[in-house]
Each structure stands twice: as structure tokens, then as C-alpha cells.
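Chemist: Place chains B, C, D and E with the ligands on chain A using the hints.
Heads up: the sequence lines are chains A, B, C, D and E, in that order. For the first sequence, our numbering assigns the number 1 to the initial residue and increments by one for each residue that follows. For the second sequence, our numbering assigns the number 1 to the initial residue and increments by one for each residue that follows. For the third sequence, our numbering assigns the number 1 to the initial residue and increments by one for each residue that follows. For the fourth sequence, our numbering assigns the number 1 to the initial residue and increments by one for each residue that follows. For the fifth sequence, our numbering assigns the number 1 to the initial residue and increments by one for each residue that follows.
Careful, some of the hints might be misleading.
As the list claims (entries may be wrong) - No more than 25 Å apart at the CA atoms, straight line, and that leaves these computed lysine to any residue pairs for SDA-like:
#1 C:Lys44 - E:Phe117
#2 B:Lys48 - A:Ser83
#3 B:Lys216 - A:Leu219
#4 D:Lys82 - A:Asn52
#5 D:Lys243 - E:Met89
#6 D:Lys245 - E:Lys82
#7 C:Lys44 - D:Ser30
#8 E:Lys245 - B:Gly85
#9 D:Lys164 - A:Ile91
#10 D:Lys245 - A:Arg90
#11 E:Lys243 - B:Leu75
#12 B:Lys169 - E:Ile152
#13 A:Lys48 - E:Ala244
#14 E:Lys82 - D:Ser172
#15 C:Lys155 - D:Leu105
#16 D:Lys164 - A:Arg90
#17 D:Lys243 - A:Trp81
#18 E:Lys245 - A:Glu16
#19 D:Lys164 - A:Ala94
#20 E:Lys25 - C:Arg98
#21 D:Lys164 - E:Ala167
#22 E:Lys24 - D:Leu118
Honestly, the hints are just simulated from the structure, not real lab data. None of these values were measured; they are calculated from a predicted model.
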Amino acid sequence: MRLECSGLNFAYPESETMVIQDLWFAMDGPGFHAVFGPSGVGKTSFAKLLANYRDRPELPIQTSGIGTILYSYNLERLPGWSSTGRHLDRICPADRQDLKKELIDIFQLGPVLGARFSQLSMGQQNRMNLIRYLLQDFDLLILDESLANVDEKLRQAILLAVKELFSHKMFLYISHNLMEVARFCKDILVLTEPSREKPSKIVSGQDDTRISVLEKPSLDRIMLEVMSAF
Amino acid sequence: MRLECSGLNFAYPESETMVIQDLWFAMDGPGFHAVFGPSGVGKTSFAKLLANYRDRPELPIQTSGIGTILYSYNLERLPGWSSTGRHLDRICPADRQDLKKELIDIFQLGPVLGARFSQLSMGQQNRMNLIRYLLQDFDLLILDESLANVDEKLRQAILLAVKELFSHKMFLYISHNLMEVARFCKDILVLTEPSREKPSKIVSGQDDTRISVLEKPSLDRIMLEVMSAF
Amino acid sequence: PDSRAEQISLNYRLKWLFNTSVAGDIFAMEKGFFAAAGLDVTIKEGSPEKDAIKELELGYADFGVASADQVIRALDKGADVVVLAQIFQTNPMQWIYRDDQLQITRLSDLQGCRMGITYGGNDETIMKTLLAKAGLTLRDVQVTGVRFDFTPFLKNRVTLWPVYRNSQGVILAGQLAREGESVRFFNPADFGVDFVANSVVTSGKMAADHPDRVRQFLSALLDAWEAAMDPANQKQVLAAVKRYDKGTQGEVQKAQLDATRDLVKPRPDTAVGRIRPKAWAQTEAIMLAQGMIKQPVHVTSRLRDLASFQ
Amino acid sequence: MLFRRIYQFMIVYAVFLAILLVVKKGLSLSDYVIPGLSLILETAVQMSAGFFTDVMDTLSVAILGQGISIFLAFFVGILGRKSSWAGSMIRVTAYNIQAYPIVALAPIIFILLGDGFLSRLLIAAMICYFPLLLSVLGVMAAPVEDIEHFYIATGRMRWQLEVKIRAFENLSKLTTVIAGSATLAMAGTIVAEFIAANAGIGYSIRIALYQSDLAAILTALFMIGIVISVYQGILETLGEMVKAKWGSENKGVLL
Amino acid sequence: MLFRRIYQFMIVYAVFLAILLVVKKGLSLSDYVIPGLSLILETAVQMSAGFFTDVMDTLSVAILGQGISIFLAFFVGILGRKSSWAGSMIRVTAYNIQAYPIVALAPIIFILLGDGFLSRLLIAAMICYFPLLLSVLGVMAAPVEDIEHFYIATGRMRWQLEVKIRAFENLSKLTTVIAGSATLAMAGTIVAEFIAANAGIGYSIRIALYQSDLAAILTALFMIGIVISVYQGILETLGEMVKAKWGSENKGVLL
Ligand SMILES: Nc1ncnc2c1ncn2[C@@H]1O[C@H](COP(=O)(O)OP(=O)(O)OP(=O)(O)O)[C@@H](O)[C@H]1O
Ligand SMILES: Nc1ncnc2c1ncn2[C@@H]1O[C@H](COP(=O)(O)OP(=O)(O)OP(=O)(O)O)[C@@H](O)[C@H]1O
Ligand SMILES: [Mg+2]
Ligand SMILES: [Mg+2]
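Looking at chain A on its own, in the form it has when it is part of the complex (with noise of 0.2 Å):
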């Protein structure tokens, strides 16, 4: 699995500042990889892009042995002429029934899921919306701010959870916490505003699985890291 860009530029139709300007970087293998850089930088941008390039052959973005991406956002909702529980029944493959029922427990979905989604709690919202996701057909998933308003605590466990049971799996996740992207994440793209100088690049991350005790010289280094690559 490898995912490569090789000098992609964007601007958005109409206006002339470059959002995305001569972009180089490669990722490799399944795993969490991360997109990470200030807001209106362009994550969500090169996200959507990335989602949709095959209809747009004229980007430099090559993939080998990625099928199937789909791109997932904190915002969307799902319908509500019925429960939660039974849209999620529904768009259940009829084999991973089990799965299902594992990330409603990882996910602590389970006392909502007789509720419409307009009576969920923003972080449920997200919950639920990702659960959905997880369980189609997908060789990349992108997080777009995904679980950002789910706490800290949950969203490290589910995290941990993804990461083991899509262990073959591409993820590129989408956050403003810097800890959670350092900690758990294998690459780190970093993105830079075209004006200044620096190009964005890769850091390695520290791609936890499991929630040890910090080990925070190493994880402070990253840190530092990413936040001085812009």
C-alpha cells in the first residue's frame, strides 16, 4: 500500500491564494498515518481532493494497492426517519454482524441506539457516523476531525481499537491534537502554509498501540518536531 504525491497544487476555483502548493511526500503500508497542521492550512482540502482523485486524472497523487477510499467528516448525519441502531443495521454487511456489535461496545454506542440522530450528543454524533464507515468496504479511510468532539479518554481507546482490529488497513487521520497524532500515528504529514518558506513534510510518529505510560522524552521529541516543521 503506498500513497504518493508528487508536487500537487490547489486552489480553490475563483480565488487566487494557493491552498496547496508543490506538495511532495509518500506514504507506505497500512496503519495510522496522520495529516496535521494549523487551521485553514489545507488538511481538509487536500483530504477531499485525495478522496476524489481518480475523477480528477490531471493530480499528481499515485496509489498502489489502495482500491477503495472513502472520506469521513465530523459534521455529516445520518437520516432520521428511524432509530440509529437500525440505520446501522441496515448499512451492516450481512457478515459483519460481529464487527458491529464489537465497535458499538468499543465505541460505547450502546444505550443510543434507540435514539434518532438529532438526539445524539455531538461526540455520539461523531461516534456513530464513524461506526458506520468501519464497517464498509475500504482499503483508506480518511478522518476528517472524525472524533473531535468526543473526549479524550474514548477517543484514545477507540483509537487503540481501529488500529488493532484494521490492522490492514490504510487510515489517515485528521486532528488538532497534537499528542494523540504524535502518539499513535506512523506518518505525519505536515502541512505548511504555501507563504511561508518551509515545504511540508513527513515526521515519523510514535504509532502507539496501546496506552502505556508516557514515555515522554521520545513523544516530546516528535512534538517538537511537528510543531517546528511550520
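Modeler: Below, chains B, C, D and E with the ligands alone, put in the same frame as chain A:
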């Protein structure tokens, strides 16, 4: 300034489970206070009740020295018919032009004032929305994940600046970032689920006023205290 | 009195659209009959939703054309209307039928006929009267409601269809003739039902307060009608009508004019506009009998011919 | 609420009547132009029972016609929601048919369908469906990205689902329009009866019109108004129930 | 797009004509029931110039009427959007007026306003405004909480702002309905002309109907269709421009 709650109970109509049960607490004085707790515990519900408590005289909520209460949240949008800059101009009282300029600087929104709201990144939208509230008359402003999609560095800078600029106002900060809450807030109301036996309680935060080299031990102690509260 | 400044402006509301059956009205306007009388008359077309008698009262019109039943109904409800002239000596409301299907020689021939009736219309009143004369009621015939178009008749689903003899009647006869079918008209007057049709009316107030104006208007109008009905003027009349009724073909209009002449001036010595009190009395009697008015309105006392304004 | 609708209608009607009577007095018009109150009351007493039956007759056709309209509007709206060639073709057809005054189409309808119940129903439905169609098109053509994204991305999107999502998200708009279209169905049926029928209140109105009987027309309008108010009120209540049950939009309970 | 509209209309019309001719052949109806192609063409050649002028005349009134309808719909929609007593009263009034067939109201309108241009315009607007109203009510009654919250909380909400927010958020629905209502305005004007018998294509249709001249009616329908297609196309293009300029909804550019 005092905010007090003596035995608040709340359940959504048509739902049997209590969201808030027998909540007792008091918060004093201006500054940054926090409401913290796991996803789905009832932070948003509590905040909305508080924002409208005057319309529901049956609620056991009392305030003193608090006139206007405003509630802001991260999904709010600005109308789309003109640029965000023009919207800010329109809702900014004439005597707060300087404050507006200062806030725009601190919030790093200068470059996107010409854009429509729908063209902003999520973090930019969060910030743009919050600025509006800060320009209004208020005594207590509730920030319900209002900066959830902003990067940590900028968010901290914003928090510190707001604390300084609005030192005589009261804030209720709802966030899932424990470190931030522990570091920058005064009183932290930690909500617990009614099903657990532990009652909600107030933990004192560090109330930093600048980004210091981390005073790790004391911060760790607060974080531990908060986490063990639920 | 030719100078425009001294002309009196008047509105004249017709019963229906401009077509050959108002040839005299059009001729009066086109050939300057009104102008010569010092009048500036605006002629307006009518429709079922508009009612000349109402407009007289509201002041939207000074003169108008109304059917006899309208006049009688209006009198019944206290309207102040007088009749100045009876344009049609024979009611143009007649029934068309294909002559290979039916022969109406006696009213009893109507029994069992499939016929069109405009509910609430004049033709319903007339047909009921005819049937009553033959000892029948509407239940002894098969009635189809009449609407804006003629499909039921054209598709041969009814035998008798009410038309205005001198306008639609001519058109339908022509259309059927082209397909080799010939038609006849069933004329109620032939069977003793003399129901008055369109008349020129004005308000009693106008008649009382401005007899001169009424006289000027009426004599100009009747002169125009006389001229229009004169076969010698046929070409001019048709040209004038054509200007207002562009949709109808020339030869149709010619046939319509002939039919109109028969109804307006059945004999060369009939004066156009002659009011026949007996017919009016019969009309009122019919309406009273059918409960359309509650008590006699003495319509004959509201008839004022030109002579009464001399 | 139903009750409120009825007395509100009474107020509206009374105001309307009062204006007419003031005009009558002001211009001292005869009963022929504007009937006096006593004549109206007399006519009402005489006619109202018959007119009530007529209105109920009309209403029954209107309800059927409205049903057909709703079906038709959704059918065309769903087919025509895409900006593709076919979608645009369907819209052009639907729009054009509307632009033709029904009186001009009536002869053709009668030729094709005869002048029985079917024509009457078709005319009623044709008058009623178009406004519904406009709303349905508006709703169906606007994507709800936050919800649809998942289904599109995972290849699960079917037209039924798309329609369901968009309808659901605009439930209150659609129920407003559907409840409101009841009056259109009623008007459509009356027009159809006016053109060609020998039953229903439209037919009675035509007779009154031919006989210049404004008092009868006013009585008919009153009857229509009452019945429409009740029908509309029932529809609105139904709409609220649908929203409450299907929608369960508790979002704004607190805020 | 404009071009497409026109030839799509041509196709629709041709299909419609073909059906009529097939019916004619099938039931071997004579020319006076359904005119043959040659008669239609002959009539078309003869009439089309005159009819075109008539349609343009009608269109000019329709445009004015549509303008008034839009104004009226927003006026009533904005006043009636609240679920308060007054709002409900306004809705009851608006709905009731619609339920009355225009033919029943026409005599009253003529009594109150005379039979000039004003009555014709009023009738056209009355027919056109109601469907617009339904949509406007639907849009205006649905709060946009995410946007409105700030203004309500800070006491800045004015009705103008509320209306602006809701209109803007539903811009594409509103432009669909407004562009679509063009055909309603046209139909309304034609009906008004039909009743008021004055000028325009409605008047010509009444004459043709009176003369049972189906060929002329078909010609008129053709003219109406062409002109409507062009007008509608222009409105839609305008709508797109408004959306592009005012809306600038670039949200979904990438997704
Ligand atoms: N539709 C649009 N049209 C024009 N400019 C846009 C549009 N969407 C985003 N932008 C601009 O592009 C830049 C990148 O936006 P993007 O949403 O990709 O940022 P992001 O990294 O995801 O930020 P955040 O962390 O705040 O979500 C921003 O400056 C934003 O203002
Ligand atoms: N409208 C509603 N109707 C019924 N239940 C609701 C409604 N809104 C929220 N709830 C339930 O109430 C509980 C508290 O929700 P609330 O939104 O207050 O949580 P929260 O603490 O803000 O969570 P988060 O951090 O995820 O935003 C949740 O279990 C949620 O499912
Ligand atoms: Mg983003
Ligand atoms: Mg919340």
C-alpha cells in the same frame, strides 16, 4: 459574580433516563471556568439550560451579578450573503472597533475577512463565530466546544488573550481537551453520568495566564483529579 | 356640432364579443353615426361575468345590451333599468341538429331526444317552456350539460345542441357542410315560444334626466343598424366587422350577416329595434311560471322606444 | 386549532361581506348589483342545504384529485430533479402543460376522455399538481450533503433513498405545501365542474353566474370556505402528526 | 440551455399533436372534431403572426402579474409565517381566497374595480400568487437555528433579517419556484383575458373556442409554448446568476 445550582435535575421529554441528576455546585467571580466530562454526559444540555434559565423559573439555578448570558457553539454559521468581514462590521458596536481589530489579529482571521463563511475551513469558522460573541455585551459567555476545530497552538493563544482582554467577564468553557481545561481554567465542573454513583464536583484548575514552561507536577495532579472524578 | 370638444363621452357595454351579430353597433362606431350625433361612444365587449345592467348602475356604462331575462331579473331585484330597443325580433338562441337524424314538426318530437342544455341559461328556460307546452319535462329527454365547446354535438353524442343561430350556428353548419352533412335549426318561436333576446338598455335615471342624450344615442344606433342591415351596404359592413373580428373568415361573416339580417329585420318593412310588448309579456310570464322571479315586475312598463324620447 | 380556523374564516367572510354592503350603501346600489343582507340571508336559508351537499360532492372529487396531484407531483418531481437532458425534458413538459389555460385544453381533454367523471378529475388534478410540483422539484433538486455523502461514497445511493432523505429533511416544507394544496384541489375541481359537469358546487356557481345571482354566489363561497377550513385544518393536524411521528425533530426543544 | 428548452418544447408539442392525429385516425373523426394536419398548418400560417402579437401582449401582463404575485406571496408569507393568532388569520384569509374559483369572484372583482387593466392584472396575480405563497410560507416558517441563534441571543433579530436568512438558505428552492411560477402567471393572465375579454391570447382562445376552431386553439397553444419556454429559460438563467452572485455556494466544489 456568582453562579449556583442547587439540585438541578433534567431529562429530555419522551426519554426516561435522567441527563442531569441532582447537580449541586457554585462558581464565583469572573474568569475562565470549565464544564468537563465524557461525551454524552450532558454538558451541552446543561449549558443550554443555563443560557435560558430565566425562561424556566422552576429550575434551581441562581445567579448574582450576572446579567446577559450568551451561549455559543461550534456548529453556528454566519449568513452567506456577504463576506464574513462585512458581517463582523455589521454586528460590531461602534465603540468596539478597536477591540474588533485586535481580536481579528489574535484570532488570525485577517486574511479571510473577504471570504464567505462557507468558504472558511472549520477552524476558521469556529473562530469567526466566537469573535462575534466577544464583541457583544455579556456577563457570562458559554463556549460549547466553540474552538473545537482550531489547532492547539492558536487556541491557547486565543484563550490567553481572551482571558486578559475580558478579565472582568465570566466564561464557561466546554472542551474535551483536558490539558487545556486543567491549565487555563479556574473552577472545573466535572459532570458525571447519573448512572455512576459519584456526584458531579468542582475541581480547581491552574488558571494560567500565559504559556509557561509546563509546571508538570501540579498540572498532572489536576488532570488526575479530574479524570478520577468520573 | 362636429367639433370633438363638444362631444359627449358615453360607454356602451355589449353582451358578448365583437362579431357579426353586433354588426349594427360596429357600423355605428365605424361609419361615424355616433360622431355625427355629437357623441363619443366607446363600445366594450361583454362576457358572462360582466353584466351591462350592473354597469349602468355602477356608472361604468351609460348604455348596454342585456338579454330580456337579465332585464326582468334586474327589475325583480329593484334595479332601475329601461328597455330602449329590441335588437332581435326573433331569438337567435336555437337548437342545431343534423337533418338526417330528426325532423321536428311537433313539440312532441322532442320526447326522448338527446339534447344539450346550458344549466341556468336562457336555453334551459326556453326548452322547459317548450316541453311544458308538449306536456313533457326535462326528465322526458336526455340532457347533456353545455360547456364552452361543441364536442358532444360534433362527436354525435347529442342530437340537439343550443347555438346562437347567426354566429355559432353558421360556423357549425359550415363545418358540417364541408363533411357533407346538412343541418337544420329548431326555432322555438316557430312553436309559439317568443322569448325576447338582446335589447338595448339604459338606466331609468338616464332616461329621465337626459332624454336628449338617450334620443341622440338611440337614433344614431338604430340608424346605423338600419344601414347595416341594408343589403346594399353589405361590403362596407363586412369590412367594418372584419376590423373587429379578425378571427372569422370572410365568407363565414357574410353568412352570419345574412342570418343576422333575418333575425333583426325579418321583413323589409320591419323597423330595426321594434319593441314587441307582447313578447316581453310572454317572457315575463314564462319566468314567473318557472319561479325565476317571485312576483310580476311589469316589464312592459319599462319599455321606451325612440318615439317616447321625441 | 380546527375551531380557530373556522371562526377565523367567519371573521374573514364577515369583513368581506361588510365591505360589499358598505359599497352597496355608499353607492346606493340595487339588490341586483349587490344583494342586501336580508336577500342574502333569505337565499342562504333557501340554498344552503343544497349547496352543502354540492360542496361535499366537490370535496370528495377534490380529495381524490389532490391525491392524484400529490402522486403526480412526486412522480414528475422525482423524475425531473436531475439537471440531465431527460430531467430537463420532463420539466419542460410539465411546465408547458401548466401554461395552457385549462379552458383551452378542456375541449381536447373531453375529446380524449369523454366528459364524465374522469375528465373532471383530470382537470382538478392538473390545476392542483403544478404548485406541488414546483415545491417538490425545489426540494428534490437540492442535495443534503451531510447526509448523502456516506451513501454516495459507499455506492449505496439509490434514487429512493435520495428522495427519502431530501423529503425527510424538508418535511415541514412539504407538509405545508401539501396541506395548502387542498385549496388548489378544491379550486381545480370547482373549475372543472364549472366547465363541464352537472353536479358539484362549481355547477351551482355557474347557474348562479348565468342568472346574475350574487346572493347565491355569496352563499356558495361561504359554504366552500367553511368546508375548506375544516378540511385544511384536518390536513394540518395530520401534517403535525406525521412530523411528530416520522420527524421527531426534538433538536430545538431547549434552545 | 435556452435553445434546448425550445427544441424540447417542439418535441413535446409534436408528440402531443401526433397523439391527437392518431386518435383522429383511430376513431376516424372528421376535421371539425379534430382538424387534420393540413388544416392545422393552414390555420397556423394564417393566424400565427396575429397570435404571436397576442401572446407577447399576454406575456407583458404576465410579467407584471408575476412581479405582483411574488411581492404578494412574500408579503403574505412573511406576515403569515408565525404560528401566532395573527399569522394563522392571515393564512386562513390567503388560503380561502384561493379556494374560490376565479370565475365566481370575477363578477365581484368587476363590480369593485371595473373591467379595466386592473381587474385583469388582479386576476392574473391571484392565480399566480398562491403556489408561490405556499413555498414562501414553507421556507419562512422553518427556522435556520445555526444561523439565527446568534441574532436571537444578542437581541439583534429583526423580521427583515429573519426573512433574509431563511430566504438565502433556501435560495435554490425559491428560485426554482419563482422561475416555475412564470407559467402560472401566464396561465393566470390567459384566464383573466378569457374572462375579461379584452385583448391578448386568452381573448383569442375564447373566440376560437366559441367558433369551435380547434386548429386555431392548437396554433395558440404552440405560440404560448414557445414564448413560455423562452421566458422560462431566461428566468432560469437569471436564477442561476442570482445564485452564483448572491449565493456563492462553493461548499460542494470538491466533494
Ligand atoms: N470552498 C472554498 N472556496 C474558497 N476557499 C476555500 C474554500 N474552502 C476552504 N477554503 C480556504 O482554503 C483554505 C484551506 O481550507 P481547509 O478547509 O482545507 O483547511 P483545514 O486545514 O481543513 O483547516 P481546519 O483545521 O480549520 O479545518 C482556508 O484558508 C480556507 O479559507
Ligand atoms: N434532543 C434530545 N432528545 C433526547 N435526548 C437527548 C437530546 N439531546 C441530547 N440527548 C441525550 O442527552 C445526553 C446528553 O447530551 P449532551 O449533548 O448534553 O451531551 P454532551 O455532554 O454535550 O456530549 P458531547 O461532549 O458529546 O457533546 C446524551 O446521552 C444524549 O443522547
Ligand atoms: Mg478541516
Ligand atoms: Mg455537547
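Chemist: Run every hint past the structure and note whether it holds.
Modeler: Going through the hints against the structure:
1. Distance check on the hinted pair: lysine 44 of chain C and phenylalanine 117 of chain E sit about 13 Å apart at the alpha-carbon level, within 25 Å; holds.
2. For the hint linking lysine 48 of chain B to serine 83 of chain A, the alpha-carbon distance of about 24 Å falls within 25 Å, and the restraint holds.
3. Restraint check for lysine 216 of chain B and leucine 219 of chain A: the C-alpha separation of about 15 Å stays at or below 25 Å, so the hint holds.
4. The hinted pair formed by lysine 82 of chain D and asparagine 52 of chain A meets the criterion: a straight-line CA distance of about 21 Å does not exceed 25 Å.
5. Among the hinted pairs, lysine 243 of chain D with methionine 89 of chain E is consistent with the structure: their alpha-carbon atoms are about 22 Å apart, no more than 25 Å.
6. Note on lysine 245 of chain D and lysine 82 of chain E: the hinted pairing holds, with a Cα-Cα distance of about 22 Å set against a maximum of 25 Å.
7. Under the criterion of a C-alpha separation no larger than 25 Å, the hint pairing lysine 44 of chain C with serine 30 of chain D is consistent with the structure, at around 23 Å.
8. Annotation: proposed proximity of lysine 245 of chain E to glycine 85 of chain B holds, straight-line Cα distance about 17 Å (limit 25 Å).
9. A threshold of 25 Å between alpha carbons decides the hint, and for lysine 164 of chain D with isoleucine 91 of chain A the separation of about 16 Å falls inside it, so the pair holds.
10. About 20 Å separates the Cα atoms of lysine 245 of chain D and arginine 90 of chain A, which keeps this hinted pair within 25 Å; it holds.
11. Between lysine 243 of chain E and leucine 75 of chain B the CA atoms are separated by roughly 24 Å; this keeps the pair inside 25 Å, and the hint holds.
12. Using a Cα cut-off of 25 Å, the hinted pair lysine 169 of chain B and isoleucine 152 of chain E holds, with the two alpha carbons roughly 21 Å apart.
13. In summary, the hint linking lysine 48 of chain A to alanine 244 of chain E is supported, as the alpha carbons are separated by about 22 Å, within the 25 Å threshold.
14. Restraint check for lysine 82 of chain E and serine 172 of chain D: the C-alpha separation of about 14 Å stays at or below 25 Å, so the hint holds.
15. This hinted pair checks out: lysine 155 of chain C and leucine 105 of chain D have alpha carbons roughly 17 Å apart, not beyond 25 Å.
16. With a C-alpha separation of about 15 Å, the suggested pairing of lysine 164 of chain D with arginine 90 of chain A holds against the 25 Å cut-off.
17. Our distance criterion of 25 Å between C-alpha atoms is met by lysine 243 of chain D and tryptophan 81 of chain A, whose separation comes to about 10 Å.
18. At roughly 18 Å between alpha-carbon atoms, lysine 245 of chain E and glutamate 16 of chain A fall within 25 Å of each other, so this suggested pair holds.
19. Proximity of lysine 164 of chain D to alanine 94 of chain A is assessed by CA-CA distance (about 23 Å); at most 25 Å being required, the pair is judged to hold.
20. Using a Cα cut-off of 25 Å, the hinted pair lysine 25 of chain E and arginine 98 of chain C holds, with the two alpha carbons roughly 23 Å apart.
21. Taking the CA atoms of lysine 164 of chain D and alanine 167 of chain E, the gap is near 23 Å; set against the 25 Å cutoff, the hint holds.
22. Proximity of lysine 24 of chain E to leucine 118 of chain D is assessed by CA-CA distance (about 20 Å); at most 25 Å being required, the pair is judged to hold.
Comparing the model with each numbered hint stated earlier shows that all of them hold.
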